[in-house]
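Novice: Chains A and B are the protein sequences, given in the same order. Residues 1 to 584, numbered by the UniProt record's numbering, are exactly what the first sequence covers, in order. Residues 1 to 314, numbered by the UniProt record's numbering, are exactly what the second sequence covers, in order.
Bear in mind the hints are in silico, worked out from the structure with no lab data behind them. Check each hint, because a few of them may be wrong.
Straight-line alpha carbon distances no greater than 20 Å define the calculated SDA-like cross-link-like pairs of lysine to any residue that follow [said to hold, decoys possible]:
{"hint": "1", "chain 1": "A", "residue 1": "LYS339", "chain 2": "B", "residue 2": "ARG164"}
{"hint": "2", "chain 1": "A", "residue 1": "LYS339", "chain 2": "B", "residue 2": "LEU136"}
{"hint": "3", "chain 1": "A", "residue 1": "LYS255", "chain 2": "A", "residue 2": "LEU513"}
{"hint": "4", "chain 1": "A", "residue 1": "LYS255", "chain 2": "A", "residue 2": "LYS339"}
Covered by chain B, per the in silico footprint, the following chain A stretches (three or more residues, Cβ under 8 Å) [unchecked claim]:
{"hint": "5", "stretch": "219-233"}
{"hint": "6", "stretch": "391-401"}
Keep in mind that this is a model prediction, so the values were computed, not measured. Backbone N, C-alpha and C fix where the C-beta goes; we use that ideal spot for every residue, glycine too.
Each chain, letter by letter, is given below.
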Amino acid sequence: MEKNIINTEIAEQGSPEVPSLIRYISSNEIAGFDTSDTQLPRPTAKGSEAISPEREHDESAVIHHQRKLSISISMPLCSEEAQLQPLDTIIDDGIPISSSQSGTASSSHPQPSKCYSQPMPEGHEHQEADNHPGIKAFKDKRFDSFKTWSGSLNRKLSILRRKRQRETPQDVNNNSRSTDRPLPVHRYYDALEGPELETLRASEETVLPQDRKWPFLLRFPVSSFGICLGVGSQAILWKAIATSPSTKFLHISLKINLIFWFISVALTATVFTTYLLKIILYFEAVRREYYHPIRVNYFFAPWVSLLFLAHGVPPSVTKDLPNALWYILMTPILCLELKIYGQWMSGGTRRLSKVANPTNHLSVVGNFVGALLGASMGLKEGPIFFYAIGLAHYIVVFVTLYQRLPTNETLPKELHPVFFMFVAPPVVASMAWASIQDSFDYGSRISYFIGLFLYFSLAVRVNFFRGFTFSLAWWAYTFPMASTASATVRYANEVTNVVTKTLSVILSLMSTLIIAAVLVSTILHALVFKDLFPNDHAIAISHGKRRPEKKCLALGYTSHDSVEIDLEASTPLPNGREINLHSI
Amino acid sequence: MVAKRSLTSLNSILTKFHAGYFRISLSLGGQALWWKTLIESPTHDVTSALRRLLCTLPSSAFLALWSLALFTLVLLSLLYLLRCLIADFLHPVRVNYLFAPWISWLLLLQSAPFVAPKTPTYLVMWWVFAVPVVVLDVKFYGQMSVIGNLVGAQAAANMGWKERAVCLFSLGMVHYLVLFVTLYQRSGGDRLPVLLRPVFFLFFAAPSVASLASEFMVGTFDTASKMLFFLSLVLFTSLICRPTLFRRSMRRLNVAWWAYSFPITALALLSTNYMHLLLALSVLVYLFLTFFTLLNSKMLLPDNDPIIASLLIS
Numbered sequence: 001m002e003k004n005i006i007n008t009e010i011a012e013q014g015s016p017e018v019p020s021l022i023r024y025i026s027s028n029e030i031a032g033f034d035t036s037d038t039q040l041p042r043p044t045a046k047g048s049e050a051i052s053p054e055r056e057h058d059e060s061a062v063i064h065h066q067r068k069l070s071i072s073i074s075m076p077l078c079s080e081e082a083q084l085q086p087l088d089t090i091i092d093d094g095i096p097i098s099s100s101q102s103g104t105a106s107s108s109h110p111q112p113s114k115c116y117s118q119p120m121p122e123g124h125e126h127q128e129a130d131n132h133p134g135i136k137a138f139k140d141k142r143f144d145s146f147k148t149w150s151g152s153l154n155r156k157l158s159i160l161r162r163k164r165q166r167e168t169p170q171d172v173n174n175n176s177r178s179t180d181r182p183l184p185v186h187r188y189y190d191a192l193e194g195p196e197l198e199t200l201r202a203s204e205e206t207v208l209p210q211d212r213k214w215p216f217l218l219r220f221p222v223s224s225f226g227i228c229l230g231v232g233s234q235a236i237l238w239k240a241i242a243t244s245p246s247t248k249f250l251h252i253s254l255k256i257n258l259i260f261w262f263i264s265v266a267l268t269a270t271v272f273t274t275y276l277l278k279i280i281l282y283f284e285a286v287r288r289e290y291y292h293p294i295r296v297n298y299f300f301a302p303w304v305s306l307l308f309l310a311h312g313v314p315p316s317v318t319k320d321l322p323n324a325l326w327y328i329l330m331t332p333i334l335c336l337e338l339k340i341y342g343q344w345m346s347g348g349t350r351r352l353s354k355v356a357n358p359t360n361h362l363s364v365v366g367n368f369v370g371a372l373l374g375a376s377m378g379l380k381e382g383p384i385f386f387y388a389i390g391l392a393h394y395i396v397v398f399v400t401l402y403q404r405l406p407t408n409e410t411l412p413k414e415l416h417p418v419f420f421m422f423v424a425p426p427v428v429a430s431m432a433w434a435s436i437q438d439s440f441d442y443g444s445r446i447s448y449f450i451g452l453f454l455y456f457s458l459a460v461r462v463n464f465f466r467g468f469t470f471s472l473a474w475w476a477y478t479f480p481m482a483s484t485a486s487a488t489v490r491y492a493n494e495v496t497n498v499v500t501k502t503l504s505v506i507l508s509l510m511s512t513l514i515i516a517a518v519l520v521s522t523i524l525h526a527l528v529f530k531d532l533f534p535n536d537h538a539i540a541i542s543h544g545k546r547r548p549e550k551k552c553l554a555l556g557y558t559s560h561d562s563v564e565i566d567l568e569a570s571t572p573l574p575n576g577r578e579i580n581l582h583s584i
Numbered sequence: 001m002v003a004k005r006s007l008t009s010l011n012s013i014l015t016k017f018h019a020g021y022f023r024i025s026l027s028l029g030g031q032a033l034w035w036k037t038l039i040e041s042p043t044h045d046v047t048s049a050l051r052r053l054l055c056t057l058p059s060s061a062f063l064a065l066w067s068l069a070l071f072t073l074v075l076l077s078l079l080y081l082l083r084c085l086i087a088d089f090l091h092p093v094r095v096n097y098l099f100a101p102w103i104s105w106l107l108l109l110q111s112a113p114f115v116a117p118k119t120p121t122y123l124v125m126w127w128v129f130a131v132p133v134v135v136l137d138v139k140f141y142g143q144m145s146v147i148g149n150l151v152g153a154q155a156a157a158n159m160g161w162k163e164r165a166v167c168l169f170s171l172g173m174v175h176y177l178v179l180f181v182t183l184y185q186r187s188g189g190d191r192l193p194v195l196l197r198p199v200f201f202l203f204f205a206a207p208s209v210a211s212l213a214s215e216f217m218v219g220t221f222d223t224a225s226k227m228l229f230f231l232s233l234v235l236f237t238s239l240i241c242r243p244t245l246f247r248r249s250m251r252r253l254n255v256a257w258w259a260y261s262f263p264i265t266a267l268a269l270l271s272t273n274y275m276h277l278l279l280a281l282s283v284l285v286y287l288f289l290t291f292f293t294l295l296n297s298k299m300l301l302p303d304n305d306p307i308i309a310s311l312l313i314s
């Protein structure tokens, strides 16, 4: 509350410079808090003491510190600004303005404030000169040097950590170690809730500020690749409709396939580029998504998107794809599978009975898509390989999700768009088997009928899918629906009668309507309501340990049972929260 | 006095002996079958060089290996008969190894140098070894029981018994489906002791043997056999990529190490059509285990066997 009051006062004083200033105040305060944790034996007390002097600062003190900044020069500490610099370039603020603001913001911390003395005069000069070429030259130089500085900064920090670990007591060592280690899987379950495990519990805090919108890349989740899956599967569907004899009576042209394919290429390139930037600039966020028990399944989505592009390519673009392309696309999928499936099996904290959720189907369906593409390209052994892996693990995931084991934490009582992913593996598997065997035989039909049954089983429960606000998760509807329509077109080629033709038309129409609705909603939420990419709490949870956990860890093997007991004890919370939300 | 000492030592040996030791006979039987399969396989472009190499070895080498396997199995069986006074029947995990002797006998039957299939002797012995597997099936089911059914199906197919082979194969496959799902659903309470982690390798033995059985029944390495082979290959690769899982269990020699050999040999039996790295790996693992077992014969019956300890606790 007091921090907010201070921020409000500062905002009132300098309204044009409010966003950057408040952002830096928050980030610096958090950073300082972390630093004091690692440095001092009693982080809580020292933190509170550090906060109290800030309240006593007044305008004259701030001005006084600014004057001091212009006098002192300290080269090594200037590298700390390199950490903040990427934020500047991303936010597209002028470098001189942000430098002066950050100098003002960090006046409460003597050590960090020294590093801002170096750019101050230069910034001032550039402001006076007001030359665009000069500003550009300034940007380029800063950008190059900052990369190098950030590298050396990390090395210096690691050296300092080692020294402090030797000097400081054991508790501080534990704290520093916890910050280095990746988040354990149970922290995600402790801190988050909801069907996508991305809603922050009331008792938890994030390591990033709550009162501001974060940089766009930090709010861009890996599940955005679901958009590519939806549009890519549409391109495949319209290619199947245009080229199948059973749907010739519709007189659909291949131009629709061409249009969808190009849209899909553009979308995939955009999402790939954006996420690549996120990997480059915010690797820690990507790392936390990878360790998230649900988000990790979406790491299969980029490669499946590329497989869709390869499979849905219009004949006018290219007729024959090189075989090497298939191996290039399937290699990362195989590596991911060895990692993820191995975790399920080896019985650690990420075993399947604990982390099972409908998005696991994404990690399975990649096998069938790969088998389908490979077989249609004329390959034989590779598609059988991936079909076997997919079939075996699909059975495992399917049975596990049906059983709703007591050790499973993420499955909610109500349904959710990702439940439609139940439909995708069997229908894609039926098409894959048809391509491998070169006919839609009994194996394909069994698989197709299973998928069709699941489709209708979910469709008649449309009420369960209401009540959720729109989000990127809604794209989970599009890909299974398009795949079911494609499989139906394929089936109608084998069994051509009025029923199969009608079913093809109805399912294709449903698929197109759904993707149109989801696309329009996405555009509206992105441009009009501007809430398509909210702050991503799922990747901002803290390492914060609870005292019971420490005791459990000290007890050795019994800690597992204790931890699971804690998880069970925490399950009533979601109901309470939901009741409160409904009452509100 | 000498008689008393020998009785005491025999009792000590029997007390420490348990059905898990049949992993050794499983490994030897698998190696014998693999050697015979390789020698008798039709000439193939890739394997012809390896086959010529094996033919240069005197035929007595294979006979020696088979005899060693037979001797080991007979010895283990005798020890186990004497051990039956203490009931292994009651242990939930070790009961699976009651299938191991019968599987070993079936493997030796298939690779026997002087008993041809489709003879009355082969027929009688198949019944003698397959009936206990079915009887144990009715009692309980585990990973080893699946392998028992599939090896029995393979031996039956060797005699041209299509119906019996399909029957045993179906039993094996249906229950393997359940086991495969359960493998991924183990809760935290079922964690294996660290020393027994090598038995993870048994997870890909079943699809390997299933692929072999399917090939024998159909007569060709068709799509179903390929799919089962690929599944076992991926499970094998997944375990190979996790050496840390097995590091702690490898510090001291333990009879559980023999769990590595049979699954790799079963996978190697399949690999004659694809790759030859697994062949060398199979032989190397087998020789390595034999060498270390002979060097550390005392470790075969350790005083602090975790299995015996857990039995006493329960």
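Novice: For which of the previously enumerated hints does the structure constitute a violation, in increasing order of number?
Specialist: 1, 2, 4, 5
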